[in-house]
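Chains as they are written, first to last, in this note's numbering: chain A, 51 to 541; chain E, 165 to 286.
Do not rely on the hints blindly, as some may be mistaken.
[Stated by the list, open to error] Derived DSS-like pairs (lysine-lysine); straight-line CA-CA distance at most 30 Å: (1) E:Lys-199 x E:Lys-268; (2) E:Lys-268 x A:Lys-214; (3) E:Lys-199 x A:Lys-214.
[Said to hold, decoys possible] Distance ranges between label pairs, derived from CB positions: (4) A:Trp-114 x E:Ala-240: 51 to 57 Å; (5) E:Ala-179 x A:Pro-463: 47 to 53 Å; (6) E:Ser-264 x A:Gln-105: 54 to 60 Å; (7) E:Ile-181 x A:Pro-330: 27 to 33 Å.
Just so you know, the hints here were simulated from the structure itself, not pulled from any lab data. Everything numeric in this text was worked out from a predicted model, so none of it was measured. Ideal Cβ placement from N, Cα and C applies to all residues, glycine included.
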Amino acid sequence: MRHLPILLTVVPLTGAFLVPVLGRRPDRAYRLALLSVLLVLACAAGLLAMTGSGQTLQYYVGDWPPPWGIEVRVDALGAMLATFFAFVYLMVVLYAGSSVRAELGPAAQFWYWSLLLLLLAGINGVLTARDLFNLFVFTEIASLSACAIISVRDRLDSMEAALKYLILSAVAGGCILLGVALLYMVTGQLHLDHLGAALPAAAGSYPRVLLAALALLVSGFALKSALFPLHVWLPDAHSSAPSPSSAILSGLVVKLGIVALVRLFFVVFDWRRLVTLPLPTMVMAMGALGIVLGALFAMGQRDLKRMLAYSTVVQVGYIYFGLALLDEIALTGALMHVVNHALLKSMLFLCVGLIISRTGERSTAAMAGLARSMPLTVASFTVGAAAMVGIPLTNGFVSKWYMVLGTLNSGRPAMVAVILVSSLLSALYYFPLVVSAYFGRPASPQAEGPEGPPAMVWPVVGLAAVCLVLGIWPELPLRLLGGVARVMLGL
Amino acid sequence: MGMPLALFVRLNYMAAITLFLIGLHVLLGHPNLIKKVMGMNIMETGVFLFLVSIGYARHSAAPIMSPGGAESGLYANPLVSAIVLTGIVIAVSTTAYTLSLTIKLYEHCGTLDVNRLERLRR
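Starting from the given sequences, assemble the full structure and let the hints guide the process.
In structure tokens form, the structure reads like this:
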């Protein structure tokens with residue numbers, strides 16, 4: 051039990067290396083991947099149970115205490131994100147078990163499973179890292195394997211998108227490492243808590259070095275998480291990957307930069323005191339721009355996956371917006387939105403994957419009249435669309451409601467308009483699809499028979515069910531995240 | 165300390181930042197994919213030079229404790245070297261992967277120029 055925090059990273063890492071060794075046969079590789087993800091989910095759920103009442107679990111790798119050794123720490127935020135992310139992963143792996151056979155050749159299949167597990171190791175590493183350099187290393191592991199699961203499809207557009215993503219994430223990686231180096235130069239620390247303690251003194255002697263480090267780290271992580279003006283790589287990358295990969299990239303990988311920045315802002319830089327720039331205002335402005343302009347871009351898309359990808363830009367904008375308000379309620383809402391968007395966007399991408407594999411089309415017109423032949427998929431898509439717009443009884447409503455309350459609470463009533471306008475815009479691009487799916491006339495005669503392999507349909511339904519459950523009974527996660535928000539704001 | 169001497173002492177820091185900027189410029193601005201990979205490596209080398217420079221003090225010895233100890237009593241910081249090693253591993257894997265993608269793209273389209281790749285896609 052003591053080793054659970056490190057197992058979260060070690061299990062998928064071991065799986066990633068075992069798959070190419072033992073799992074040359076595709077079905078065996080799939081079973082190994084499934085087993086690893088199940089183990090990770092069990093570890094994460096155990097950690098969530100242990101951190102549920104607000105305590106944190108510290109683990110010293112090799113029993114070396116922090117100034118010299120590496121610390122891995124699981125707090126309520128890390129445990130909760132790890133649990134939900136592992137759940138999404140499980141659903142995606144179940145779904146991909148059937149779909150990669152159709153999308154990838156037999157040779158690429160076991161690499162796909164291996165890369166998927168490597169990516170999970172990177173994700174969990176970022177969630178549990180308590181050390182700035184470790185944060186950087188795991189971010190790089192996650193980015194590299196994320197690029198690889200885009201380019202696993204031997205097609206021109208996938209490889210171009212992967213290359214674009216790779217180049218920009220190399221820029222981000224370089225900036226982050228230089229930022230880490232600058233911080234280490236002025237403080238001699240890498241552990242987040244020790245850095246936070248050493249920075250006030252360093253801020254007095256080297257204010258400009260600190261400012262440069264902050265700029266490099268913020269732009270690096272914002273680029274990795276596609277904050278508005280830095281989102282250019284996202285639509286290509288997320289829309290040209292195989293559908294299960296898009297689900298993970300859009301739902302989980304984008305969140306890593308956000309988690310890293312949350313740690314930086316609230317543990318290291320304490321951006322109410324140390325930061326002399328109006329950084330919260332800047333982040334809020336970029337978030338608000340992302341919310342509105344991302345929605346406008348999404349409305350212009352005729353390709354289902356590109357539309358969902360632009361919608362991710364919007365939702366990332368929401369999360370940053372909620373963070374930058376520096377208000378307890380808004381922060382709770384923003385962290386809740388990290389979870390909600392992970393569930394929702396992966397579910398929507400899997401829905402679209404089902405629609406593409408059934409109709410062979412990726413355009414928005416393919417949705418017309420699908421409700422008769424694909425009732426479960428369209429019903430799940432409807433739940434997702436309602437949650438993205440923020441209809442009550444869905445989880446999207448809960449997080450948006452908290453952000454609206456937080457905006458009012460922090461005394462910026464004018465900013466509520468941003469959230470309302472964007473919800474309206476989301477309705478404008480999601481609801482026509484739902485309406486045409488139920489009432490539209492199908493463009494081509496539809497095939498009879500089941501809507502897809504059960505292993506692909508049920509994960510989608512499972513994710514949609516969790517979205518509804520979190521929308522109807524949000525008290526437990528909100529209480530946990532509220533506690534996290536209070537700790538982060540030092541209340 | 166006069167101005168020229170101060171510049172000389174900080175030479176490696178300035179070189180590191182210059183390398184970083186050159187690399188960044190090439191990585192983002194040059195249309196040729198191979199040159200982009202070179203830029204990526206130059207940028208990372210800049211960061212590594214910076215890190216190693218942090219760990220070194222004038223007249224410091226290698227961080228190995230021996231009975232006599234260092235004459236100056238100063239040792240170089242070994243942690244930054246460990247960080248640089250990890251960084252090099254990441255840089256090498258990124259480079260290898262980018263180059264293999266570049267080869268694939270070249271096989272598909274017969275060009276290394278990103279602008280021409282954009283045009284081919286339309």
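Hints versus structure:
no., hint, in the structure
1, E:Lys-199 x E:Lys-268, "16 Å, holds"
2, E:Lys-268 x A:Lys-214, "14 Å, holds"
3, E:Lys-199 x A:Lys-214, "14 Å, holds"
4, A:Trp-114 x E:Ala-240: 51 to 57 Å, "21 Å, violated"
5, E:Ala-179 x A:Pro-463: 47 to 53 Å, "52 Å, holds"
6, E:Ser-264 x A:Gln-105: 54 to 60 Å, "46 Å, violated"
7, E:Ile-181 x A:Pro-330: 27 to 33 Å, "28 Å, holds"
Hint check: violations occur at hints 4, 6; the rest are consistent with the structure.
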